[in-house]
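**Student:** The residues making up each chain are set out below.
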Amino acid sequence: MKEEIELIKEGKRLDGRGFDELRPIKIEVGVLKRADGSCYLELGDNKVIAAVYGPREMHPRHAQDAKMAVVKFRYNMAPFSTDDRKRPGPDRRSVEISKVCREAFNPVIMRELYPKMGIEVYVELLQSDAGTRTAGINAASIALADAGIPMKDLVSSIAVGKINGEVVLDLNAAEDNNGEADMPIAMIARTNTITALQMDGRMTQEEFGRGLKLAMGACHQIYELQRAALVTRYNQNYEGKSKREEE
Amino acid sequence: MGLEIVNDVRTDYVCDLVRNGKREDGRGFREYRDISIERDVIKRAEGSAHVKIGDTEVLVGVKVELGTPFPDTPDKGVIITNAELVPLASPKFESGPPNENSIQLARVVDRGIRGSETIDLDKLCIEEGEKVWMVFIDIHVLDDNGNLVDAAALGAITSLLNLRIPNERYGLTGENTLPMRDTPVAVTMVEIEGNILVDPSFDEGNAAASSVTVISNADGTLSGMQKSGSGGLKEAQIAEMVEIGIEKAGEIRKKYL
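Chains as they are written, first to last, in numbering that gives the first Met the number 0: chain E, 0 to 246; chain G, 0 to 256.
None of the hints are false.
Below are the DSS-like pairs computed for lysine-lysine, each with C-alpha atoms no more than 25 Å apart in a straight line:
no., chain 1, residue 1, chain 2, residue 2
1, E, 66, E, 115
2, E, 98, G, 91
3, E, 71, E, 85
4, E, 25, E, 151
5, E, 212, E, 25
6, E, 98, E, 71
7, E, 212, E, 11
8, G, 62, G, 75
9, E, 71, E, 151
10, G, 51, G, 21
11, G, 91, E, 71
12, G, 233, E, 98
13, G, 62, G, 51
14, E, 66, G, 91
15, E, 115, E, 71
16, G, 75, G, 130
17, E, 85, G, 75
18, G, 51, G, 253
19, E, 11, E, 25
20, E, 151, E, 212
21, G, 233, E, 151
22, E, 115, G, 91
23, G, 233, E, 212
24, G, 51, G, 91
Away from chain G, derived, C-beta distances all over 12 Å, residues of chain E:
no., residue
25, 21
26, 87
27, 147
Hints were generated in silico from the structure; no laboratory data involved.
Think of the CB as a built atom: it goes at the ideal place given N, C-alpha and C, for glycine as much as any other residue.
From just these sequences and the hints, can you work out the full model?
**Tutor:** Now the structure itself:
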């Protein structure tokens, strides 16, 4: 972490954003045919695709839960998604991220409706630009809804961080690599319940409190975008569906 | 199956106690268990510590070796943190490759040390692009009775503070102590029935829907945080956990480091 790199010029970040501004977000619902639910999402230069399968029989069987469905979450980066080629397959980072993401969804998915079943969420990062896990959670949330999985609400996610001593929203790669801290969160917007929280780097208690508020506010913005994407998809629903079935 | 039912019963018991303002071992909600630290317990390791928090026991050993730096940081030393949940430590642990729990444990401990820039990695460079000191922090869990993260983090920082760099072995001269700049301390809390409990026991850890680890430094800044578990938390609860975490870390630092 180097202090000398200038990431803020005249009150603006290098990509022209203000401190509390999100990168552009683009969402498409139901992009994959074979999956029960899917979503393509862009967050700045992040490109991520999420697919949901299930509820279906949980494998391996010893991992079944007699009382509720088990959520499987796999966060995976494509080898070409990063500057240096990423060796394919799970590494320690993606194992941890997968765990955190799964736990972010456990409070909303009505798992008790499907004992012994598995609900599988697959997130593939096609192009990365920092904040990949938040993009993945936002996409997975929509894919779960698209799959018709009963949920209490959507989960929305974003990171805040600290660059050149300022608390800012939604770090891009240059900011993440040269910044002082990074804190991704996930939240149930309707109830302001935080379901994932990590912090990396160094910030004061006051900065943390300010950052958490900033991130929570942004999650409400993202929630509206997620909702709008689903509404758009299902307004043209019947046409879209029958077109699918005709094929 | 049998174990699951026992777990359910234990969970009910713990939650019931918490509703009545009690904990199974008689502690207050904000009370930490007794800590004991034994330093330099392993002769072959450059740094080591045997930490006990109540009945939880963790042994941390640090090995220091000369190696080549990562290509993107040719002028910096290397820290690698690893954790093994060996089957001797709990009926729940199995041998085999690291699973998500051991990976999370290692990565959270690592985050605290890295985030606070505890070790001045620039000073671990011997020859740019060629030779740097590599610090391997290995966490060996011996007895899991809850709150492994705090025990592991405490073991790691203690080991680092007391570490001897093996200059002689490589025919080098120089400082024999690590260039340490801070002392991050991890404090883990769980939320049960709307209450925040510090330093969860094994059963409390199982009963809780969420746990949060707050890692803080000598000046009260935060250098790492991790929520774990399948529950949700409110902003006010997290703010309170951060407050408690910083306060408890201060107490532990003063007494043990």
